[in-house]
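Number of protein chains: 2
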Amino acid sequence: MYRAPVSEIAFTLKQVAGLGEVLAHQHHGEVTDDLVDAILEEAGRFAAEEIAPLNVVGDRQGARLENGTVTMPDGWRDTYRSWIDGGWNALTGTPEFGGQDLPTMLHAAALEMWNSASMAFALGPTLTMGAVEALEKHASKDLQETYLAKLISGEWMGTMNLTEPQAGSDLNALRARAERADDGTYRIFGQKIFITYGEHDFTDNIVHLVLARLPDAPAGTRGISLFLVPKFLVNADGSLGARNDVRCAGVEHKLGIHASPTCTMIYGDNDGAIGWLIGEENRGLACMFTMMNNARLAVGIQGLGVAELATQQALAYALDRRQGRAAGKTGEGMSPIAAHPDIRRTLLDMQAWTQVARAICYANAHAIDMARLAGDEAARTHWSERAATLTPLAKSFATDIGVEVASLGVQVHGGMGFIEETGAAQHYRDARIAPIYEGTNGIQAIDLVTRKLPLSGGEQFRGLIGELSAVAEAASEAGAEFADAGDRLAKALASLSDATEWMLTALADGRQQEALAGATPFLRLFGIAYGGAMLLKGALAGRGDASPDAARRLLLARYFATSRLAETASLKEQVVSAASAVLDYDPLV
Amino acid sequence: MYRAPVSEIAFTLKQVAGLGEVLAHQHHGEVTDDLVDAILEEAGRFAAEEIAPLNVVGDRQGARLENGTVTMPDGWRDTYRSWIDGGWNALTGTPEFGGQDLPTMLHAAALEMWNSASMAFALGPTLTMGAVEALEKHASKDLQETYLAKLISGEWMGTMNLTEPQAGSDLNALRARAERADDGTYRIFGQKIFITYGEHDFTDNIVHLVLARLPDAPAGTRGISLFLVPKFLVNADGSLGARNDVRCAGVEHKLGIHASPTCTMIYGDNDGAIGWLIGEENRGLACMFTMMNNARLAVGIQGLGVAELATQQALAYALDRRQGRAAGKTGEGMSPIAAHPDIRRTLLDMQAWTQVARAICYANAHAIDMARLAGDEAARTHWSERAATLTPLAKSFATDIGVEVASLGVQVHGGMGFIEETGAAQHYRDARIAPIYEGTNGIQAIDLVTRKLPLSGGEQFRGLIGELSAVAEAASEAGAEFADAGDRLAKALASLSDATEWMLTALADGRQQEALAGATPFLRLFGIAYGGAMLLKGALAGRGDASPDAARRLLLARYFATSRLAETASLKEQVVSAASAVLDYDPLV
Chain R
1 MYRAPVSEIA FTLKQVAGLG EVLAHQHHGE VTDDLVDAIL EEAGRFAAEE IAPLNVVGDR
61 QGARLENGTV TMPDGWRDTY RSWIDGGWNA LTGTPEFGGQ DLPTMLHAAA LEMWNSASMA
121 FALGPTLTMG AVEALEKHAS KDLQETYLAK LISGEWMGTM NLTEPQAGSD LNALRARAER
181 ADDGTYRIFG QKIFITYGEH DFTDNIVHLV LARLPDAPAG TRGISLFLVP KFLVNADGSL
241 GARNDVRCAG VEHKLGIHAS PTCTMIYGDN DGAIGWLIGE ENRGLACMFT MMNNARLAVG
301 IQGLGVAELA TQQALAYALD RRQGRAAGKT GEGMSPIAAH PDIRRTLLDM QAWTQVARAI
361 CYANAHAIDM ARLAGDEAAR THWSERAATL TPLAKSFATD IGVEVASLGV QVHGGMGFIE
421 ETGAAQHYRD ARIAPIYEGT NGIQAIDLVT RKLPLSGGEQ FRGLIGELSA VAEAASEAGA
481 EFADAGDRLA KALASLSDAT EWMLTALADG RQQEALAGAT PFLRLFGIAY GGAMLLKGAL
541 AGRGDASPDA ARRLLLARYF ATSRLAETAS LKEQVVSAAS AVLDYDPLV
Chain F
1 MYRAPVSEIA FTLKQVAGLG EVLAHQHHGE VTDDLVDAIL EEAGRFAAEE IAPLNVVGDR
61 QGARLENGTV TMPDGWRDTY RSWIDGGWNA LTGTPEFGGQ DLPTMLHAAA LEMWNSASMA
121 FALGPTLTMG AVEALEKHAS KDLQETYLAK LISGEWMGTM NLTEPQAGSD LNALRARAER
181 ADDGTYRIFG QKIFITYGEH DFTDNIVHLV LARLPDAPAG TRGISLFLVP KFLVNADGSL
241 GARNDVRCAG VEHKLGIHAS PTCTMIYGDN DGAIGWLIGE ENRGLACMFT MMNNARLAVG
301 IQGLGVAELA TQQALAYALD RRQGRAAGKT GEGMSPIAAH PDIRRTLLDM QAWTQVARAI
361 CYANAHAIDM ARLAGDEAAR THWSERAATL TPLAKSFATD IGVEVASLGV QVHGGMGFIE
421 ETGAAQHYRD ARIAPIYEGT NGIQAIDLVT RKLPLSGGEQ FRGLIGELSA VAEAASEAGA
481 EFADAGDRLA KALASLSDAT EWMLTALADG RQQEALAGAT PFLRLFGIAY GGAMLLKGAL
541 AGRGDASPDA ARRLLLARYF ATSRLAETAS LKEQVVSAAS AVLDYDPLV
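Protein chains in written order, with the UniProt record's numbering: chain R, 1 to 589; chain F, 1 to 589.
These are calculated hints, taken from the structure and not from any lab test.
Since the structure is predicted, the reported quantities are computational estimates derived from the model, not experimental observations.
Glycine included, each C-beta is placed from N, C-alpha and C at the ideal position.
Keep in mind that a hint or two might mislead.
[Unchecked claim] Listed below are the simulated EDC-like cross-link pairs for lysine to aspartate or glutamate, each with C-alpha atoms no more than 16 Å apart in a straight line: (1) Lys329/R <-> Asp586/F; (2) Lys141/F <-> Glu96/F; (3) Lys137/F <-> Asp320/F; (4) Lys14/R <-> Glu41/R; (5) Lys329/F <-> Asp586/R; (6) Lys491/R <-> Asp509/R.
[As the list claims (entries may be wrong)] Facing chain R, from chain F, some residues (calculated, C-beta under 7 Å): (7) Ile39; (8) Gln323; (9) Pro341; (10) Leu348.
Please take these sequences and the hints and turn them into a complete structure.
Spelled out as structure tokens, the structure:
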């Protein structure tokens, strides 16, 4: 069972990811250190006590579709109601409509705990949050008045409707259509697939945000508009009116997150679903990207959440399960398997990867906060570029970590890991979606290399490497126990720097295909180097501290430095050398 | 759907793994090249046409237990009967009892295809094969006369009963007990778990091989005996007699291989299950190890089989699914995703890893054959040590590859990969058991480092590195298209050599714990270097050959050399440097 790692989360927020800087800049009131601790404590309590018990029953029962109605697993609706009653859905969102508008960093921390408790549960509110952001930024005052308060409180939930069978990663191929009605509304027709929480029994109404084309729209992504399509129309007094012409036609049978209803949605069986335009006609993609960027961090946090849970369970099992006798074992009986060096190595791996994912996600949240809060334009641009740079890393590297750590968790459990009742297998199944949705990890890597590396002529990224180098230097000068890790980090950053310059040159020289061929290894190289720096930063924060926590953090940084940082040289080599074979391969012949 | 890659398999057997050498030494008749091709062709046909259609229905229905009886999925029993009628179960086994005694290499190739078609199906006969080997080597003439012909034909199936709840990796803790009866038989009592194909409806009888302790046995593994316990007793005329006192009390609900019944077996509810001793009292573990070594290769082949299947499906999907427009695309419409560099890289990865797994498994089979066939004692010792060295590599590296490639296969499918109906997810679930059973991959790595590396004072392993170096040299001298890969392989082998000497020194100096801490990265280092050498060996065999197959093999070798071989330097670093942090970590405090 999940135990919320509140103190490690607080440490990472404050000592590694820069929460203090955000709190110093806050524009909206007094979020104090004490309040932060209280929120984390209470969010962790809710996660562990209320949400975590849902996870297994959710996996077993799944979301069930019958006659167009989706029934959620036993206990799920009650917990959702209790969750929104506690105000948890409203951590973010504008105060004008009841939101607490807390820093993204704090929300990220809470989201980690809810995802550890149950990824399928935390996913629904994540979509609602995205809808709130899109409405706050792009919707008319009328639409905001009608929908925002209920979405922020969680009384209603929101969805994102992008994908169609022929249009997944490539939204150019979108076919859903919208027709203008005389009263200024629109009629929406078409089929959408893979719609997360498209239908459920948590709330009385569901607010669908739907991408569709107007009849006279230009081809491609410049001809896509965004519409708000409520499941039930809303009367002037806010009460629910007629059922809209939208229905759930199917729920997917998935590898994992069984309790999250992944729906096929049909719009316009009859006269068309009534929709309201969000933003301007043909500018829908820009509105949708508002949702998607934060959703990408939220998906990265799913990887983090699953990794934390899998690590906790593997450690508990390894301490409990006895097999063999470890070196130095005295007395009768067998040793806990955690005493064997190969299992210790595996547990260190799991802990280090999880902490790396946490540091990356929180740093991304920090940049998002700073981009909003920083005092001057230049600083806001800097942080906005930093957020843009870290988002593909958080989305893809943390989700790769989720899968890897969940798989190691199965392995630590031995044969029991393959038995569903143990629970380790569920994480392995649940985690597997996160590298896929919200832009596959391959697309994230392409985004990083082709759009983010060139920001400010490469200076944004070079500046980031410079900050990481400062950590390496500090470690190298911090005494014997830090020096080796510092030296190894410096080498890793040299590899990152070499690969970065190679990429920037390739892009500048028009060798785009070569850059694309190396995008995924480049992203991994970035993630490992960044992660190693963050672990070391955390360890340095405990310099001179004799506590077990400080010792553990130093150990993780040393382990990661000696086991993972050397991989960066290999990845750099792959970036600069493998493109030739990749591009010589033509699977189409 | 699966298509048997017969020509690639034949190529790997003959040009990479040394089948010619085995055929030249064969002691038992005329296995010609033509016969080899005919057997591969026919085994592949049976796999693709008869077995492959079982795989999805097996996953959906699973093996179902009711009142102690296990019903296999629809169509499974008929196909099994048709499989044994075709003589496929008798490829191995002594001719005295109807076996064809074909080389292990040929059996490995057939087993790959059956596992690709359905891992859950191929697993049952693998266990029977293990029982046959144990009986051939250790059982009395009487037991052989009674059981071998029926097990070799497949009319009856066999099982291995080792694990108990408290005794998994550590058989010291075994508690099942055996009592001597007056008639020379034994009475067996106890509970066994995780018994693969412990109960099913394929055959009229099931022959359980069971580890248990005699009352006066020494403690630990020196006090374990092996017994044959048939489900039904066998009359003197070979007909089936009374039901023995053994039953299936449960079938596990597993992550994958749902159709393989994983049973809890209860021996001796009443007066004890009647058992016959195999080999000598208290020497049961030695007999069991006869089964386990070949079973380890067979599990490695499961990883290979799943990797091949996942690769085929991902490639087919990537050629079919269209999204986006690749560079150079002309005309209307979208490109197959296989045209995008990141997907091409992924497909190359999957193909290269699969071929590496194939080469390693077949080379292991080659060594097993040569250990039996070689003319003189020294050669047999050499090959026996080689087989012992390659077995943990085949078991663990090929199964890690199975998981990795299956996961990449899900990723290539995008959102569809997470939908169970697509089929990619099943491979990801099925593959996950192989790194666990038959000795976890961690235990394989420990076996490699502590038992296999020191064989002949390390000369066996040094000799192996020398053979791989000859491949690197040949490539470096084979012209421009091979030279770079040859140079990269030489560097990788230098890393392998350095890590090997470090390990041997650590063991010699009594730093056993340090060696154990680095065992898993060492095994991966060995696998990558070995795999890179085998890909290059295959490519060199096509030197001067203008065929597409030869070009593809060179491309895979180049890709692997530029993308994976550099990882060896990082792994060497991990072997020699990470032990300090691993051993400083004490999860018990």
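Verification of the supplied hints:
Distance check on the hinted pair: lysine 329/R and aspartate 586/F sit about 13 Å apart at the alpha-carbon level, within 16 Å; holds. Between lysine 141/F and glutamate 96/F the alpha-carbon distance is near 12 Å, which keeps this suggested pair within the 16 Å criterion. A hinted pair counts as satisfied when its Cα atoms are at most 16 Å apart, and lysine 137/F with aspartate 320/F does not qualify at roughly 51 Å. With a C-alpha separation of about 15 Å, the suggested pair lysine 14/R and glutamate 41/R falls inside the 16 Å cut-off, and the hint holds.
The suggested pairing of lysine 329/F with aspartate 586/R holds, with an alpha-carbon distance near 13 Å, which does not exceed 16 Å. A distance of roughly 27 Å separates the Cα atoms of lysine 491/R and aspartate 509/R; the hinted pair therefore is violated under the 16 Å criterion. Using the Cβ-Cβ criterion of 7 Å, the hint placing isoleucine 39/F at the interface with chain R is not satisfied: the shortest such distance is roughly 30 Å. For glutamine 323/F, the shortest C-beta to C-beta distance to chain R is roughly 4 Å, which falls under 7 Å, so the interface hint holds.
Satisfaction of the interface hint for proline 341/F is found here, the shortest Cβ-Cβ separation to chain R being roughly 4 Å, below the 7 Å cut-off. Interface restraint check: leucine 348/F against chain R, minimum CB-CB distance 5 Å, threshold 7 Å, status holds.
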